[in-house]
Every structure is written in C-alpha cells, then in structure tokens.
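S.K.: What follows is each chain in one-letter form.
2 protein chains.
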Amino acid sequence: MHKNKLNGADHLYLQIAGNLEQMIQNEILKIGDKLPSVRMLSNEYGISMGTAFQAYYYLEGKGLIESRPKSGYYVRFSQKRYPALPAAPKPETLGDSVSVDEMVAAVFKKLSATDITNLALAAPAVELLPLAKLNKSIVHAFRNSPTSCIQYEDVQGNPELRKQVARMAFNWGGKIADNDVVITAGCMEALSLSLQAVTRPGDTVAIETPTFFGIFQVMQTLGLHVIEIPTDAVTGVDLNYLEQAIKKSKIKACVFVPSFNNPLGCCMPDENKKALVELITKHRIPLIEDDIYGELYFGHHRPRCCKTYDTEGWVLYCSSISKSLAPGYRIGWTIPGRFKEQLIRLKMRHTIAGVTITQHTMAHFLGIGRFDFHLKKLRTALHTQQLRYVQGILDHFPADTKVSRPQGGFVLWLELNKKVNTFQLYQEAMKYQVSVAPGRIFSMRNRYSNYIRIGYGRPWGDDVERGIRITGNLVKKMC
Amino acid sequence: MHKNKLNGADHLYLQIAGNLEQMIQNEILKIGDKLPSVRMLSNEYGISMGTAFQAYYYLEGKGLIESRPKSGYYVRFSQKRYPALPAAPKPETLGDSVSVDEMVAAVFKKLSATDITNLALAAPAVELLPLAKLNKSIVHAFRNSPTSCIQYEDVQGNPELRKQVARMAFNWGGKIADNDVVITAGCMEALSLSLQAVTRPGDTVAIETPTFFGIFQVMQTLGLHVIEIPTDAVTGVDLNYLEQAIKKSKIKACVFVPSFNNPLGCCMPDENKKALVELITKHRIPLIEDDIYGELYFGHHRPRCCKTYDTEGWVLYCSSISKSLAPGYRIGWTIPGRFKEQLIRLKMRHTIAGVTITQHTMAHFLGIGRFDFHLKKLRTALHTQQLRYVQGILDHFPADTKVSRPQGGFVLWLELNKKVNTFQLYQEAMKYQVSVAPGRIFSMRNRYSNYIRIGYGRPWGDDVERGIRITGNLVKKMC
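Order-wise, the sequence lines are chains A and B. Read in order, the letters of the first sequence correspond to residues 1 to 479 in full-length UniProt numbering. Read in order, the letters of the second sequence correspond to residues 1 to 479 in full-length UniProt numbering.
By construction, these hints were calculated from the structure, which means they are not laboratory data. Hints may be right or wrong, so weigh each one.
Lysine to aspartate or glutamate pairs mimicking DMTMM-like chemistry, simulated, CA-CA at most 25 Å apart [claimed, not checked]:
{"id": "1", "chain 1": "A", "residue 1": "431", "chain 2": "A", "residue 2": "101"}
{"id": "2", "chain 1": "A", "residue 1": "431", "chain 2": "B", "residue 2": "154"}
{"id": "3", "chain 1": "B", "residue 1": "62", "chain 2": "B", "residue 2": "465"}
{"id": "4", "chain 1": "A", "residue 1": "109", "chain 2": "B", "residue 2": "180"}
{"id": "5", "chain 1": "A", "residue 1": "109", "chain 2": "B", "residue 2": "341"}
{"id": "6", "chain 1": "A", "residue 1": "340", "chain 2": "B", "residue 2": "102"}
{"id": "7", "chain 1": "B", "residue 1": "109", "chain 2": "A", "residue 2": "178"}
{"id": "8", "chain 1": "A", "residue 1": "418", "chain 2": "A", "residue 2": "428"}
{"id": "9", "chain 1": "B", "residue 1": "109", "chain 2": "A", "residue 2": "160"}
{"id": "10", "chain 1": "A", "residue 1": "109", "chain 2": "B", "residue 2": "160"}
{"id": "11", "chain 1": "A", "residue 1": "340", "chain 2": "B", "residue 2": "101"}
{"id": "12", "chain 1": "A", "residue 1": "109", "chain 2": "B", "residue 2": "178"}
{"id": "13", "chain 1": "B", "residue 1": "340", "chain 2": "A", "residue 2": "101"}
{"id": "14", "chain 1": "B", "residue 1": "109", "chain 2": "A", "residue 2": "154"}
{"id": "15", "chain 1": "A", "residue 1": "163", "chain 2": "A", "residue 2": "372"}
{"id": "16", "chain 1": "A", "residue 1": "109", "chain 2": "B", "residue 2": "154"}
{"id": "17", "chain 1": "B", "residue 1": "109", "chain 2": "A", "residue 2": "180"}
{"id": "18", "chain 1": "B", "residue 1": "252", "chain 2": "B", "residue 2": "312"}
{"id": "19", "chain 1": "B", "residue 1": "340", "chain 2": "A", "residue 2": "102"}
{"id": "20", "chain 1": "B", "residue 1": "476", "chain 2": "B", "residue 2": "428"}
{"id": "21", "chain 1": "B", "residue 1": "109", "chain 2": "A", "residue 2": "341"}
{"id": "22", "chain 1": "B", "residue 1": "274", "chain 2": "B", "residue 2": "312"}
Sequences and hints are given; from them, build the entire structure.
M.R.: In structure tokens form, the structure reads like this:
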C-alpha cells in the first residue's frame, strides 16, 4: 500500500479531508460507499488515529459523510447530485390580490417570535456571533473614551472606525482613505442616503430582478420609478439588457448587489464588474453597489467589487456588519466617491450623527483583528450549513425542485413546480410554525410566484430539518 | 428679634435661601446691600451656623450674592436689573453673500474641537451628565439580554423603552400607551420621519421664526416650501398670524417648538397650546411638536404639551434624550397619533430599526428612576448657569443689549445694536477661539443679522467668562 503525499501548509486533517472531498466530488467515492476505516486511513497516510478521526468529523460536519453505528463512515452527499439551477427569470405576472407590501409585512412581522422556525431570514443565527468578545469591546469603549462615548459623534463617523473600514477595503483591491468613508446606520441607511444623494423624486433607477425588497421599497418611498434588469443565477446583471435600457430610458442611477445577490446568490465575475463600471462611467450614471454579503465568500478569495474598478468616483459603495456580526448595532458605511459632500449633508439633516458608543466598540473590535478571526469561522459555518440545507431540500422536496448554488451569503433560491403558489405555501407552512420567504416579495412586478427563498443562517438541527420536511411535503401536496 | 417661620418639606437651608432670594427679587435687599452675618442668620432662624453657611453657599452658587473677604456677603444680582427683552422679529432682509447653509457648516464644523470655548452649542456639557451610572446600565443591558442586544430591535422600538416613554408622558398630562410610541434615532429622525409621513415634495409647511436651523434644512432636503410664522419672545407662535396664513396658503403641516423654543426660549402658555391644537384640528393640519427641551424647565411644574390637548391624533409629538442625557446615544421618539403606521413603515424603509443596546440601556436607566433623579439635578444646574451667564453679559456687553428670559432649556437669545453684523462678530470671536451662534442661521430669510444665540450648557468658569468678555468687547468695538 503506497503512502499518500501531504504538503506543509494546512493542518494534516484538513489536507486529508480535502483529498477525500475531491474524491467524493469526482464520484470516485459515490453516495453510499463505505470509507476506509479510521485505522486504515491512519496507516495509509502515516498519521495518528486522532488525526484520522478529525478528518472524518470535519467531513461529517460538512454533511458529506455520515457514520453508521458499529459499521463505519459512508458517503452521504455529492456535488453531482446537486439539483438543477433555477431558470433565468421570466417576466410572468400574477394577478394575485395581495400586494408585495402586505406580503413583506406579513412575512417579517414576527421577526422576534421564538416559537417559529424562521427560514425566511437572511441573517446569521445568534449562536454564530461572538457575543462575549463584542461585549469586551463595549467595555473597552466606555472605559477608554468615557466622555466621547456619550457625546455627538462626527457626522461623517468615528475617525478610527473609518480607518478600519478603509483598511478592510484593501481585501477587495480598494484604494480607500479613511476620509473617503461615511459611517451610516446599517447598509439600509447607506442605500437610502445614496439614493437621495443622486436622484430626485420622479427619476428612474435600475435594479436587478429578483432583488431584496428593501431596495425597491425605499425607492417607492422616495418617489422613484424602477426598471428591473434581468439577472442571471450565476453571472448576475445582464449587461446587454442594461445597456439597451440606458439607451431607451433616462436612467438616473443603478442599485445592484453584485456579490451574492439576495435572493439569487449569484456573483458577477470580476470582468463583468469591470465592464459594468466602464458602462456606467461612460454614461455618467451613479452605481450604488450593495456589498453587504461580500465578506461571506466560500471560495479562496474575496470577490472584487465594482468599487475596485471605479477610477472616477461614480460608484457609491455600501456595506455593513449587520449580516456578519451585529445586526442590532446598525453600523454600516458608504464610500460615496464624488457624492461624498451631499451624502454627509443628507446624513446630518436626517439624523445629525450616528450612535457613538457602538462606533467606538466596532473600531476597537476591528482594530484588534477580532472581526477577521470571526469572519473566517463564520464563512466555514455558513458553507457547511448551506450544504446541509441543500441535502435537506433534496431529501424532502419534489424531484423537479431547482436550487441556486451561491458561493457565499445566506440564502438559497428555489424554483418550484409552476403549480405552486408560494404565498399560499408560506401561509400553509406558518400553520406549522415554519416561515419561508415567498418569491413574489423580491419583485415589484408580481414575478416569482413559484419561487421561495430559504435562509441557512440558522445552524442545522432537528427544528430546521422539520421545517424543511414540512415545507417540502406541502410543496408535494400542492403540485 | 422675632424668629422667622419655616415649614416642613424642603431642606432648611433651601427654605432660608428661598426667603432671601424672594427678598432680593422684590428689591427688599438691593444690589450692594450687605446680608446678615452668618451668626445673625443662625440666631434669627434658630439654625446652626453650618446651615446658615449652606444657605449662603447656595445663593452664591446661583450668582445672587457674593462674599467679600473679611467683610461678609453682599447682594450681587437682581431680576430687576435684567436687560430688556429682544423685540418681536421684524422681517428685515440682508443681502449678505454667505448662505445660511455655509454659515451653519462653518459654525458647527468644529463641534469636537477642545481648544475652543464653544458658546454656540445648545447641549449640556459632559460634566453635567451621569456617565458612570449610564455605563452601569449598559453593562446591565448586555448581561441581562445578551443575545437580544446584538440582534435587530423591533422596528417600532424596544417595548420596555416605549413603556418608559409612555410613563414619562404622564408628567405633561399625556394619556399614552407604549404602543403609541415609536423610537427614533434622536429627535432629528423623529422630525424627519414625521415630515415625510405627512407631506410630499412641493408642499408648504409652517415653522416659527426664529427657529432651529435643522428644521428648515431637513425641509429643504425634502423639497418642502416654508412659511415663517412670527414668534413672540414670551408667548411663542402668533396664533392670529397662523390662522391668517392657513386661510391664505395651503399649509400641509406645522413644525413648532412650543416649550423653550430654540433660540428664543419662549414657552407658549397652556391656553395657547390648547388653542393651537383646536386650530390645527379644525383645519385637519398635522402639527409636528418638537418638545426636546420640555423636561428642562426651571419652574415648579413641567409645561404641558400640545399633545396634551390632542384628542384626534393630529399632533405628532417628538422628543429625545439628546439634550438632557446622552446626545451620542441617538435615542428619540415620536408619538405620531393617527400617522403611526406610515411612520413605522418609513422608519423600516430608511434604516430598518434602531440600535438595540442603547435602547435596552435607556429602558433600564429610566426604569430604575435614574433619569428623573438626573433631571432634577440638571435643571438646577442649568438655571444657575443661566443666571451666571446673564450676569456675565450684563458685565461685558454694551448697555443696549437685549436678552431673552427663558424659563427652561439651554440658550439665551441676544439682540445687539443694529450696527453689529453677528456673522462678522462670530468670525472675529473665532480668532480668539470663542464661538457664538450668529442669528442669521435661525431663519431661511436672512433675518436676525444683529442677534446671537449663546448656549449656557457649559458650567460657568474662567473660560466662559473670558469668552463672554471677548465677545462683549468685540460688540462694543463694532457699535
């Protein structure tokens, strides 16, 4: 028996697990195949039994293998068994009488109810967040800056926090100075102020479809018209369609989520991002880039941003820590390029300044490297959860169900049989205390009535499995 | 010698000080009069020497008497020596080339600069705020609600905090339930959202003149037209003028500061508040009531609010803790009456929800009665500071200076000789690191160019005296 080769950098068990994962994905090991015993693995790789166990625990954690009592480990899952991708959106229109607003209100009303298995959220479960470490940073903040924590913060935001945000931009190739950054109350305020900075009531703005309902709802509030640009499940915004739309209509701004779009999960390839920035720069159209999921990538590298390619300041980059660390802190930011002065003025006029102590806290938390550390753990956890959720969907949903394959973020986008009205599905599932997000809330035009979004921010467990099973069974009944 | 009578409730020294204060105000004791020696006072009232000293220290603290070495205590100040009140505003217009926006930006840019004696602010000095007690409430919040402090807060606001706000409303005769309250990011967001709830771009809104610049600046941002209603230095908004304006123009809302208006300091009498609510109710015009200074009264009772008299829900009451406790917490609220649903929806669309941990903290701080306790101390401190500042102005400003007599709040409004351009005065004073707020920033119409606002939130001391002396001398030079 020859010894497999290992090389230096990674932990041993990770290397071994990686080799096995590769074999499963290439179907060298197929579903149901028995894996080598721990003792054999230990002999073959010249490693301790402990390390061999670690490798299997890891793969088990990712949902790729399972242990059967008194028998050993078996392959449970393979990429090839992945369901088909959802089709490109078709502009179908449903005459259902419930408005999108009413649906959103219904679905997100009971956010804090603990008796509901909430698969409608696109947010991390609290178990995944570093509560104790954050609280240490709070105490550090009020001990080290006692008087400033109680007083008005700079309108533009805490200077130290802006420095940390500028530093993070380095990861996506941004050359950003602290003075380029404006701190906001979460990404939502960043988007709202950015829209106000570059449009007036009556203007037309391009968005993706499907997209996060918060984006078109704030536009309605600001009196803006919306053009929906078709978005591919893998490559994102259709740039040809966008260019045609620009030629036909007077588009005053675009609001896109280029990395891990919510709900599609798609991530525009770097070259598309670059082409998009060239297009909007040529036409002098501000691009509001919502990068709230950008740090939650599952691959080896952080995706670039449109802002990475922005040489003339037409991109207003928006992000926050709400999806990765502390939704309740309401800390976000924008790097608004040439619109900075307008943005600061708007912020001052609507709210004067942000909360001081949470900004101090975050500046400390980022400054000592805890955020980077936390993100590494969170990415692994989310990736594992996603795989588990997809398995659950395969196990319990009808065979014709199509599922997105996001390489980051929080959500799966499911295309169901055309017969399924997912708002009805939502209502039926709620009778069992299970909540999923019906597709129609992701468009202003009553599209996606047979789609649902399932968030996998909640760690896998019996309650989640029950939720997916119940939803799957309801779908089967409705077909 | 007969003994003066004292009755039970108050501290002895306060009763004695109160008697003496009365005598000074009635000019029974005049400026320069020698007060009874401590021993005489002790004999006359049958009190200890210590209590007699306490009474004199208290009056000295209020600036009413002064001690002269080896001689005793003398009357220093009397109400009768108060300067004249500023005249009712005249609609004069100055062709000065600096815009109000530019002036506001200049005056409030260096908020956090510590080398400047800032008399332009309407905010409490940090020495007056209970830092340590607040920090205890923060720790209580994250220890007792560890997971909820990190997560999204209810859009409408923390339920316990809303309950406390509803309880506070009892002090001004409001019958408010926790479900009537919406928590906001300070009073400014409350005003901005209230305006958005009741107007559309192009509408006309009535405001006081002079008034806080933030009010008309957010209106400009929202595309609203403004009508300025003359406001009396003592009784507030001219109701007859308002009624005429309502008949002439299509007024869609009013935004008034009925208690301790900034910068005038006036407080509408209860009957005027009642009449105002009747007027706007009759015409179905929403009244946005900014009550941010309402708790900072110097008299025996908290002034009523317009909301007190609002039976049909046309008053959107707005307030915050920014002026009384913690500007940096950005906690305010609105009680929006019949516009509640719109308001909650707007809040969700612009910022999703408020910061969670600061709301938990405030709910605790209010719940255990610390806010009431703090307010009592703060009111006394502010009243004392106001008297000291007025003395300083009398000592150092020309004799024709007119000064407001606010019975609460933070600011004095000074009318100077017509020859004085107060934006120039501001610029001159800044050369000496002294900042005062020029009158023109309190109107959109270039009024009040010979007025200044002086905030007395900073405790009296050598730096403040220097600031007032320098400003006064500059005024003398400019006349």
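S.K.: Enumerate the violated hints, using their earlier numbering and listing them in ascending order.
M.R.: Of the numbered hints given earlier, the structure breaks none, since each of them holds.
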